[in-house]
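**Q** Chain residues, written in single-letter form:
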Amino acid sequence: MSGPSTYNPTSGIEKWLDQRLPLPRLMHDTMSSFPTPRNLNIWYTFGGILTFCLGVQIVTGIVLAMHYVASADLAFNSVEAIMRDVNYGWLIRYVHANGASMFFLAVYIHMFRGLYYGSYKAPRELIWIIGVLIYLLMMMTAFFGYVLPWGQMSFWGATVITNLFSSIPVVGHDIAIWLWGDFAVGEATLNRFFSLHYLLPFIIAAVVGLHIWALHVPGNNNPLGIDVKSPQDTVPFHPYYTVKDAFYLILFVILFAGFVFFSPDFFGNPDNYIPANPLVTPPDIVPEWYLLPFYAMLRSVPQKLLGVIVMGAAIVTLVFIPWLDTSRVRSCRFRPLMKQFFWAFVVVCVVLGYCGHQAVDAEVAGVPLVWVARIATLYYFAYFWLIMPIVGLIETPKKLPASIAQSVLGDKAAPAE
Amino acid sequence: MRLTPLSPVPPRVSRSLVLGIAAALALSTAAVAAEGSTKRHPPKAEEFSFEGPFGTYDRGALQRGFQVYKEVCAACHSLNLVAFRNLTQPGGPEFTEAQGRALAAAVKVHAEPNDMGETTDDKGEPLMRPAVLSDHFPAPYANENAARASNSGALPPDLSLIVKARMGGPQYLYSLLTGFHEKAPAGFKVADGKYYNPYFDGWTIGMPPPLANNGVTYSDGTKATIEQQAHDVTTFLAWAAEPKMEDRKRMGFGVIIFLVAFAGVLFAAYRKVWKDAH
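Sequence order for the protein chains is A and B. The first sequence runs 2 to 418 under this note's numbering. The second sequence runs 39 to 316 under this note's numbering.
For the record, the hints were derived by calculation from the structure and aren't laboratory data. Accuracy of the hints is not assured; some may be wrong.
Simulated restraints, written as ranges between beta carbons of each label pair [unchecked claim]:
{"no.": "1", "chain 1": "A", "residue 1": "Ala206", "chain 2": "B", "residue 2": "Phe300", "range": "23 to 33 Å"}
{"no.": "2", "chain 1": "A", "residue 1": "Leu307", "chain 2": "B", "residue 2": "Ala299", "range": "51 to 61 Å"}
{"no.": "3", "chain 1": "B", "residue 1": "Glu156", "chain 2": "A", "residue 2": "Asp74", "range": "24 to 34 Å"}
{"no.": "4", "chain 1": "A", "residue 1": "Trp214", "chain 2": "B", "residue 2": "Phe300", "range": "23 to 33 Å"}
{"no.": "5", "chain 1": "B", "residue 1": "Gly292", "chain 2": "A", "residue 2": "Met32", "range": "43 to 53 Å"}
{"no.": "6", "chain 1": "A", "residue 1": "Ala206", "chain 2": "B", "residue 2": "Glu156", "range": "49 to 59 Å"}
{"no.": "7", "chain 1": "A", "residue 1": "Leu307", "chain 2": "B", "residue 2": "Ala250", "range": "49 to 59 Å"}
{"no.": "8", "chain 1": "A", "residue 1": "Gly187", "chain 2": "B", "residue 2": "Ala250", "range": "38 to 48 Å"}
{"no.": "9", "chain 1": "A", "residue 1": "Leu307", "chain 2": "B", "residue 2": "Pro223", "range": "42 to 52 Å"}
{"no.": "10", "chain 1": "A", "residue 1": "Val172", "chain 2": "B", "residue 2": "Gly191", "range": "38 to 48 Å"}
{"no.": "11", "chain 1": "A", "residue 1": "Leu307", "chain 2": "B", "residue 2": "Arg309", "range": "51 to 61 Å"}
Just so we're clear, the structure is a prediction, and the values are computed from it rather than from any experiment. Yeah, the Cβ is synthetic: ideal placement off N, Cα and C, and Gly gets one too.
Next comes chain B alone, as it looks inside the complex:
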């Protein structure tokens, strides 16, 4: 079941204007690039369900995005600030508690010391146990050195806040994930072990193209194109960065409505008090 159709929304003047400006900017950036600047291209104008004052996260996209993170990104990127319990909380992917427990149990985390106070087994391997809801997602590497050693010196950043930590937010991330197939301009050298991506500063990135068509199999029947996966995982990571967004907007409406009504009452009082004073 797809909750957010990815087919382009009917073109609107404002959107085509934005695209036109973006295209013009991209052209001018490309022109500058010829002279040696490799400033990243402005991101694509992808639209997300969670934008705008009424926007909420698309549950389907969140659940699919979690699958993409788990099966693709988690191989190299940690998500240290998210716990399995968060997957079942309102305003998030809203897996049922049973689903959440099952998702956690499928992942092994370091166990607490056993009755003997040991943290390793008799072969010296760390003791592991299935994760429970209260556990945070385990990181793929033991530490920064291990992460760099496995990625030809590059450090895959933690993704917990990535959508809020980059100028351009979700559009930036979506463009980066779908930007690998673009051709490098003639004469642009891509170093060994690096990949061309014009949406990244410097135009070369250490991350190999992470997504492939049908790289994951969605259980809801959604076709797993690169664009669909990028859209879904961006939605998931936007939630990971701002898990209380739906609470926030809902409370915001109550607060604004109250304040406007209160302002009305005060205005009436103000007019009455001042009626004879000026």
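Bound conformation, chain A alone:
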């Protein structure tokens, strides 16, 4: 679908460049003329939104790093100095802190969209797998970043997460010490986490490059999940999708700005405004909201090592989705049965997040939440390992439209070849 290049250098400099380093040709082919299905809906704008989020995090992060001091004694006050004495430091820090939440909000929508429309199915398996890798890198980066302000939740979150490795038999404790650089979370840990927090976003940017490269070979999937069959099915990326993506991006930025300017601590935990104190453990140690579903899975297993394995398996499972889905049809729009399981899966993820947020012994209407989390965890795994393969085989999909163009334009479309 990427097809032959339609770039036609006109000016002297363009011709000169085209024979040496054809950057203008690359830009033209990938961002301007790139044929894109004409039926992409709002859920397809989140790729662009995510690129924006990554850019915002890198730019604000570089500025914050100019003022931040990675030292157990000085980190907390250096963040407060950014909030109080650096010109617009409060703005940059609140954009960065809320930006992480916005990034995850967008990535979850992006992933659910991929699941619903079957965007992981052949020939797009690698796009999906690279995406899972980006998601994993994002979680690591967010975790390292949350440690840096060196508040109570930073310190104790770091302690809980790094201690998970100590559950590995035989070598676990040595691995934990190796991660800490000490015999507990401390100065050395903070410094290496800062180093990694600065490094990983650039690795993410590189892997995003691969993600987009892999996308540009088969081209976009679309809500119908059918292949592009004729040029009539597509429109050039520019101006059609540049303007559409820009409009929805600005709507997203309005939500983002609402949090930054009017409720900047909405996603935060009050305990992180208390300086880290290794001698005082907070009563409830809670991770950031975007990690809560996995935290609920971890806590729903009574044995620590098994819990860690379950949590790891929940993420590793995502890699196998392209081969677990046996359906001939990509989009859930034409899969009446799978559609219901999909929405149940979305609800289950939200329920897991809720369970992760509550105290471990909490109950709702007399039902212990740990049992709710256990059942939800079972559904999470059953969705991928049982429902996806079985439903794909037994379900009768609805009739697919003849072409994208016919579906969008109706009779105006010429018959597809």
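Add chain B to chain A, keeping to what the hints say.
**A** Relative to the frame of chain A, chain B by itself:
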């Protein structure tokens, strides 16, 4: 001059609902308490001028609250992140620069080494000098050990971020400061040197009741009830925790208005570009 009347605002449905739910929660908490749980009560539904998207700090309350902090809280609680210059900055108590200098000069801070490189006088006492605008508020104790020694083992926390560092924020702090007069349930033991306060986890707190009616004398004529002082010092500490809040909300309105207008332009462009494409 009082800028924020503390008399209850006219009752509204939503507020009485909130109070009703709060009361119900308080009752259920009390019931649980009988079985041994001492989870803190939900905070009172006090309203503050700085809440909501249009809220700003009440200057009068900030200035009075500073007085309460200085005359009452500062005896035990530091405010390490606030400097005297902050008192004169826009969006804060907005004392004039002359007032700020005078407030600073009334406080002694450790002096820099003298020409001889000494930091103590000939009796071994540390050299002191009047504070200037660039100085931070001095802490009442030299270190944590000294603070604990003077407070029967309890550590009075730094108050710079206290409003942001507690679930419930300003309502929590206000309830704590006004919650000392409530009667402990029958059979509830308060340890020696501790005080009953149901708005604190565990219901006993090391801090003696800090506020008293007319414990401070307000120069603007405001009646210094416990509730008034609690309201004022909570406002002051909310500002200390978030001194750029007014800047933030003001810029936020500009940004949102711009973005909405920009979204309108983009929507028009989007409709025009796509007119014939679907």
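**Q** Look at each hint and say if it fits the structure.
**A** Now for the hints, and whether the structure bears them out:
no.	hint	verdict
1	Ala206(A) / Phe300(B): 23 to 33 Å	holds, 26 Å
2	Leu307(A) / Ala299(B): 51 to 61 Å	holds, 55 Å
3	Glu156(B) / Asp74(A): 24 to 34 Å	holds, 27 Å
4	Trp214(A) / Phe300(B): 23 to 33 Å	holds, 31 Å
5	Gly292(B) / Met32(A): 43 to 53 Å	violated, 31 Å
6	Ala206(A) / Glu156(B): 49 to 59 Å	holds, 55 Å
7	Leu307(A) / Ala250(B): 49 to 59 Å	holds, 57 Å
8	Gly187(A) / Ala250(B): 38 to 48 Å	holds, 44 Å
9	Leu307(A) / Pro223(B): 42 to 52 Å	holds, 43 Å
10	Val172(A) / Gly191(B): 38 to 48 Å	holds, 42 Å
11	Leu307(A) / Arg309(B): 51 to 61 Å	holds, 55 Å
The structure shown violates just one earlier hint, number 5.
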